[in-house]
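Chemist: The lines below spell out each chain.
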Amino acid sequence: MGTPTLPTGTLLRLATAGSVDDGKSTLVGRLLFDSKSVLADQLDAVERVSRDRGLETTDLALLTDGLRAEREQGITIDVAYRYFATARRSFVLADCPGHVQYTRNTVTGASTADAVVLLIDARKGLLEQTRRHLAVVSLLRVPHVVVAVNKIDLVDYSQERYEELAAQIRETARSLGVADVHTIPVSALVGDNVVDHGESTPWYDGPTLLELLEELPAGDDPYAEAFRLPVQVVLRPQGAAPDERFRDYRGYAGQVASGVVRVGDEVVVLPSGRRTRVTGIDTADTLHDAADPFAGLTEAWAPQSVTLRLADEIDVTRGDLIASAVDVPDLTQDVEGTVAWLSDRPLRPGARVLLKHTTRTVQAVVRDVVGRLDLDAAELTPAEQLDLNDIGRVTLRLASPVAAEEYLTSRRTGAFLLIDAHDGGTLAAGMVGDALAATRHPEQRPVQYAI
Amino acid sequence: MTLTDTIDATVATTPEGTTPDGATTGDEHRLTQLEALESEAIHIIREVVAEFERPVMLFSGGKDSVVMLHLAAKAFWPSPVPFPVLHVDTGHNFPEVLAFRDATVERLRLRLEVASVQDYLDDGRLRERADGTRNPLQTQPLLDAIAGHRFDAVFGGGRRDEEKARAKERVFSLRDEFGQWDPRNQRPELWNLYNGRHRPGEHVRVFPLSNWTELDVWRYIAAEDIALPELYYAHEREVFDRDGMLLAVGPYSQPRNDAEAASVRTETVRYRTVGDMSCTGAVDSDARDVDAVIAEVAATRITERGATRADDRISEAAMEDRKKEGYF
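Protein chains in written order, with the UniProt record's numbering: chain G, 1 to 451; chain X, 1 to 328.
Pulled out of the complex, with its shape left as it was, chain G reads as follows:
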C-alpha cells in the first residue's frame, strides 16, 4: 500500500460510557453531526422522526439508536459502532448504553478501546455509576479517559462548578488507578467544546473533545512490550502452491499481539519450549515481490498480521505462542484472574467451562470464587458466587498449560474468555492476575502507559 490518495492517519478506537440521561447519544450525535459525518438522508430521517414526535429541535440521539425497539422505547439497548473521520485520523466509536447491563456493555466497548469518553451531567456531578465506569475502565486498562462534563449550559457555564467537578474526577480517577484522564466542559445539546470551541466558556482554554481525540496516541507502543505472536494457522501449500518456489513453504501466520520482531531474533515456541530463530517475516505483498519473494520484511510489530518462517523444522501448530526468547512468559495450569461475569446463570465453584486465551482454547474448572469486587469501594468482598454483571476474582485449573501473562502488563496475552461448553455462549471476560492491584495501589501501575 502506498499511493498518494491514501490517508496516513491512524485509527483510534473509542468507547463511550455514561449514566442514563447524561446525554450520551446526543453527544455522539453532535460529534458525528459537527464533524460532518452525518449524511443528508440520515439527517432527513432523524428530522422526520423528531417532527413526528412533536419535538422542537432535531433529536440527534436518534442517529445512534439503530434497532426498532430502541427507537420505540427511546433507549439504547446494545453497543452500536459508529465511524467518523477528520483530516487527521479515523475513529471507530463503540457507543455503549449506560443503563441496560452497563457492565457487560462497558466491558465490551472498553476491551478494544484506546480511549473512553465518559459523560457526567454537570448538575448531578459524579454519581455512583461514574465511579463504577471509571473502575471498569481502570480494570480493563484503557490507556486514556476523557470525561466530558456535559450540560454545562444548564449550570450557567459556571467555571466554578466545572473546576469543582474536574478536581473530583481527577481525585477519583487517581484513586482508581486510571492511567490518564482529561476533562472538558461541554454542552452536547448546544455544541460547545465538542467539535468547535464554545463562546460561552471563555474561561476554558483547553482542546475541544474532537481536538483531544485527534491527539491521543492510538494503540500501545510496541517498543514498550515483549514480542508475542499467537499462531492462527500454519501455511503449507505443498502441491497447491502457485509455483515451484513455494512448494516447500512453511510459515506460521498470526497477528502480532505485542512487541516487535526482527529477522534473526531468537524466539521460543510455547508450550513446547523449543527455541529457534526467525528467518523470514512474510506478508502476501512481500511474497508477491517478483525480484525476491522471500526477501520479506525486516521487522514487524503489533498489531500487524504476518507469517513467520523459522530456522528449525519444529512442531508448531495453531494455539502455540511464538515469544521473544529474551523475555519468555511462564506457562501455567493455574490461573488467578478477575472476571466480568456476563451470563444470566451464576458462576459457582466447580463449574466446568472452556477458557479461550489468544488462539488456544482449553478446558477449565472453576476452583474458587475468591470474592466480588465492590466497585464503589474498589475492594474485594467475600462471595460464594458471581451473578450477571458482577466483577470478581476467581481461581481456575486448566487441563493444559497456557502462557497467561498479567493483564496489567499485557492487554492481549493477559485476556481470556470463559465459554459455555454446551451452548457456546460467552460467559465472562477475564483478565489474568490481580487486575485490581492498580485500583488499590495506583502508584504501582506500570509507567509505560502513563503518557
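Heads up, a few of these hints could be off.
[Unchecked claim] Computed, partial: chain X to chain G, Cβ under 10 Å:
#1 S39
#2 F76
#3 P78
#4 R184
#5 Q186
#6 P188
#7 L193
#8 G196
#9 E202
#10 S210
#11 L215
#12 D216
#13 R301
#14 F328
These aren't lab readings, by the way, just hints derived from the structure by calculation. All C-beta atoms, glycine included, are put in the ideal place defined by N, C-alpha and C.
Dock chain X against the given chain G, drawing on the hints supplied.
Modeler: Below, chain X without anything else, positioned relative to chain G:
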C-alpha cells in the same frame, strides 16, 4: 504519573509520527488506518478457517465482496483460499457483474456455489413480490444453501457504517437453526477473542469488513489496485426515474407507467452498490476512475444505501427485519 486536564505537551505532536523539530516518535510503529483495518480483517478470516469445519464466503462480484475475497487470498498466500464461495443469484443481476464473478472465481481457482432465486420461483417454492424486487427473496435460498452444504461459518461483506441495524452487528454473529438473528441477545465481543462456538444446526455469520467505511473500501481498492466490475465507474446508460432513484432500462427493470416511460434518457452514471437490477439505483457521476470515485465518495452527502437501494426505503426498520429472518 501526573494527571492533567489538558493534553500532555509531548503528545501534541504535529504530523503523524513526527515532532515539531522533525524527529520521529513512536508513531512510526503505529499502523495507518488502512493497515490496521487490513490486519484486523486478515486476523478475522484466519480465525474462522482455524476454528470452523466448513466456512464459505458470500461473493456477488460487488465491491465489498471483491475486497473481502482479496483479503482472504492475502490471508493464506501462498496457500490457496481454503473455502468455496457462494452467490445468491436473484436472476436479476447485471450480466457484466456475473461475468466478473465467474472470471474472478476462475482466476483464484475457487469453487463457486450458486443459490438461484429463479429456481425457487420456477418450481413454486417462492413467489414473485408485487413490487417486483427480489432482494427479500434471497433469504430462503441462502438459508437452504447453508443447511444443504452444512456450512457453519458464512463470511459476508456487510459493514457497520452501511445501515443502523448493521451498526449493532457483531463481527461473529450467531444465527439459530432458522437462520435468525436476535439483536437483543447477542454475544458480547471482547478484545479480539472471537467466539465461534455454536450448536449443531446453528451457524455464524462473520463480517471481516465490520469496521470499514465506504471510503475505506475505495481507498483500499486504490491502494491494492483491485479490479471491479466496470459499472462502478462512470459510463453512459439508458435510465429512468422511479421513487427518486435512477434505474437502468434493462430486461428486469422497465418503466411501469407513463411518467416513468417519459423519463427515459441516456445519462452518465455509475453504481455505488450493485445488487438486483430491479431495485439498485445508479447515481449521476463523472467518476471514471478510482481516484475520481474516492473524491466523489469523500464529498457525498447521501449514504450509499440511501442513494441506491429501494428495498431499504420500505420502512425505518427494513434492514433489521430482513436480518432477523436470516438475510445477509
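Chemist: All hints are to be evaluated individually against the structure, with a verdict given for each.
Modeler: Results for each hint:
At its closest, the beta carbon of S39/X sits 4 Å from a beta carbon of chain G; the interface hint therefore holds under the 10 Å criterion. The beta carbon of F76/X is positioned within 10 Å of a beta carbon in chain G (closest approach about 6 Å), and the interface hint is therefore held. Taken as an interface hint, P78/X checks out: its beta carbon lies about 4 Å from the nearest beta carbon of chain G, inside 10 Å. Taking 10 Å as the C-beta contact cut-off toward chain G, the hint placing R184/X at the interface holds, the least distance being around 6 Å.
The beta carbon of Q186/X is positioned within 10 Å of a beta carbon in chain G (closest approach about 6 Å), and the interface hint is therefore held. With a cut of 10 Å, the hint placing P188/X at the interface with chain G holds, because the nearest CB-to-CB distance is about 4 Å. Hint status for L193/X relative to chain G: holds, with the closest Cβ pair at about 5 Å, below 10 Å. Among the interface hints, the one on G196/X holds; its C-beta lies about 8 Å from the nearest C-beta in chain G, closer than the 10 Å criterion.
Hint status for E202/X: holds, given a least beta-carbon distance of 8 Å to chain G, under 10 Å. Given the 10 Å rule on beta carbons, the hint for S210/X holds: about 7 Å separates it from the nearest Cβ of chain G. Restraint check, L215/X versus chain G: the minimum CB separation of about 7 Å is within 10 Å; hint holds. A cut of 10 Å between beta carbons decides the hint on D216/X: the least distance to chain G is about 8 Å, and the hint holds.
Checking R301/X against chain G by beta carbon gives a least distance of about 4 Å; that is within 10 Å, so the hint holds. With 10 Å as the threshold, the beta carbon of F328/X stays out of range of chain G, its nearest partner Cβ sitting at about 16 Å, so the hint is violated.
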